[in-house]
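Student: The lines below spell out each chain.
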Amino acid sequence: MSAFVRHPASVEEAVGWLASIPGALPISGGASLMAMINARLVEPSCLVNLERLEELRGLSLQADGSLRIGAMTRHRDIAGSALLVGAHVLLRQAAAVIANRPVRNMGTIGGALGHADPAADYLGPLRCLDAEIEIAGRSGRRSVPMSQFILGWYETALAPGEIVVAARAPPLPAGATLYRKVARVSGDFATISCALRLEEDGRGTTARAAIGACGPAPLRSETAEELLRGGLGDAEAVARFGAALQAHADPIDDVRGSADYRLKLIPRVLASAIAELTGADRG
Amino acid sequence: MKFAGAFDVKAPRPAVWEKIRDPGLMAACIPGCDSIEKVSETSYRAVVAVKVGPISARFSLVVDIVREEPPTRLVARARGEEGGRASALSCESLLSLTSLGEAGTRVEYEADVDVTGRLGKFGLGIMRKKVEQLSEAFVAAFRGRLEPAAAA
Amino acid sequence: MAEGLALIVNGKIARVAVGGAKTLLSALRDDLRVLSPKRGCNQGVCGSCTVLIDGEPRRACLTLVERCEGVDVRTVEGLANDKFMQALQRAFVVSGGVQCGFCTPGVLASARALLAETPAPDEGEVKAALSGNLCRCTGYRTIVEAVLAAAKEVSL
Ligand SMILES: Cc1cc2nc3c(=O)[nH]c(=O)nc-3n(C[C@H](O)[C@H](O)[C@H](O)COP(=O)(O)OP(=O)(O)OC[C@H]3O[C@@H](n4cnc5c(N)ncnc54)[C@H](O)[C@@H]3O)c2cc1C
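Residue numbers (the working numbering), protein chains in the order written: chain A, 1 to 283; chain B, 1 to 152; chain C, 1 to 156.
None of these hints come from the bench; they were simulated from the model.
The beta-carbon is built from N, C-alpha and C at its ideal position, and this holds for glycine as well.
Heads up, some of the hints might be wrong.
[As the list claims (entries may be wrong)] In silico DSS-like links for lysine-lysine, alpha-carbon gap of 25 Å or less:
#1 K83(C) with K127(C)
#2 K83(C) with K12(C)
#3 K38(B) with K19(B)
#4 K130(B) with K264(A)
#5 K152(C) with K127(C)
#6 K2(B) with K264(A)
[Claimed, not checked] From the derived model, a few chain B residues whose C-beta atoms are all more than 10 Å from chain A:
#7 A4
#8 A6
#9 A27
#10 C33
#11 K38
#12 R45
#13 E68
#14 T72
#15 R77
#16 R79
#17 R106
#18 V139
#19 A141
#20 R145
Taking the hints into account, I'd like the entire structure generated from these sequences.
Tutor: As structure tokens, then:
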């Protein structure tokens, strides 16, 4: 073993090293980090391997009905988990379309959150499910709602030396869910994505939706969701809903599509996803 | 990558021009600029650090003023490398200043930035967003220096 | 670099030097001269470095070698007597699923993992399992045919 790679046995030991070794980075699956190291985009002084941290492993249903996914849980295990039921199925749907089998055998939800690629498939679903991100650092533990976790392009609420310990999705009313990923080919990062779930209360059904890859963080508008309540079958109401999300978009131009193309897709992808879910609901 | 934009400053044109030609002030306003050193009346050396998510880079730049027509137009060229990492940056920029009378001065800029080497791999889409963010930060800092009241 | 690490590659213990962010691919190719995994993009995209780790296909180019102590690393070289691999190799020859051959060891690793998990895959499952392995020669059709034929042969 070299001094370059550390294998902490507890979260406290891991964050202790991350805080005390300048230039140290945590490594989870390595799928994004090793690619960046190979391209010489990042040159860490030390890698703190989170693999052995028991606290970061696996999915569990909490006493209050919330679902906790440890940061080291791989895409493969999320895609195959029977614990994801009801609205939480959204995470399974997203995990199943990340990259390809070998990458899903490596990558983790904690690494995806730490990397915060605007096109990462978990971000929209976590936002759509009102998830909270559990964080640990040398000065202790805290929890940040997904709505406040991403601060900018590849920038998160994690302070230097802090790590993601888990993502926690609160219990939610059951309702149909859909994760729609628009990509050039299967396995590519999303050009745009849409995480959608239907939620019904006494006042009618509405859609909870988060659009991915159209800005540094997923787009969601709770206000627009309330305006849409009861109007899922009304094309104009759905179009207004799409326009409301589009208004907050800030997409990039890249090989996957121009910013303009992404903007145009927002209302269309939303409308088609809503049509698919409401259609399926009726049947 | 081409960029263009404009911003207004509540200060008379000659004052704005003077600040633009003041390397110390520019160093303080350019985000990530660690130092500017004057080589001649029209040539400077600068060190600028940029950070995009996990990726950090430090460029050593040579900035040449190619043409200037005080107090209205300035054409500059910056070129530089990232020590030993085979990554290079070049930028051609044009600044023009228009007097708005009592309202101050409008600064219009156009720039053509090229990044090659390892940073190019990260994708131009995200680089563009970064440059846009940096220009906003610059404008805010620059205004702060010229409009003491607004900065307070 | 003085300290080494013991890997289990194709069933044998092999010591490799460690240092920096050294990858499993580098240990296999550069230290152990196990050359079937290829260094293609080094970004995890092309799939030519795919190997089996505890039976699962993973990218050797993105795998930190220091996390491989005690795991079972398998490449085509170590699967000569494997019934799935033998059937795959025969079927690839028959269908013409190999042209330049650069992607082949990675494709075989992914296909071997599929057959071990899913005895009678349909065409869609084969395509999904191979979607992380790029081939610039064959156009994929002969590869998919070979995997389907091998699955059939193994199940007989
Ligand atoms: C070819 C390829 C295709 C891909 N396609 C997709 C895709 O379609 N959709 C998608 O969503 N993703 C995709 N990815 C990304 C993949 O999902 C990664 O696995 C994921 O982004 C990072 O997870 P990881 O565990 O590998 O993290 P690592 O590579 O280990 O780490 C990534 C970053 O996060 C930091 N980090 C790691 N763990 C933590 C933690 N617990 N807390 C805080 N910071 C941490 C690291 O320091 C590093 O900066 C792709 C990756 C590759 C290589």
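Student: A separate judgement is required for each hint: does it hold in the structure or not?
Tutor: Status of each hint after checking the structure:
no., hint, verdict
1, K83(C) with K127(C), "holds, 21 Å"
2, K83(C) with K12(C), "holds, 20 Å"
3, K38(B) with K19(B), "holds, 15 Å"
4, K130(B) with K264(A), "holds, 23 Å"
5, K152(C) with K127(C), "holds, 16 Å"
6, K2(B) with K264(A), "holds, 23 Å"
7, A4, "holds, 15 Å"
8, A6, "holds, 20 Å"
9, A27, "holds, 24 Å"
10, C33, "holds, 20 Å"
11, K38, "holds, 32 Å"
12, R45, "holds, 25 Å"
13, E68, "holds, 33 Å"
14, T72, "holds, 32 Å"
15, R77, "holds, 25 Å"
16, R79, "holds, 21 Å"
17, R106, "holds, 25 Å"
18, V139, "holds, 17 Å"
19, A141, "holds, 18 Å"
20, R145, "holds, 24 Å"
Every hint, counting from the list given before, is met by this structure.
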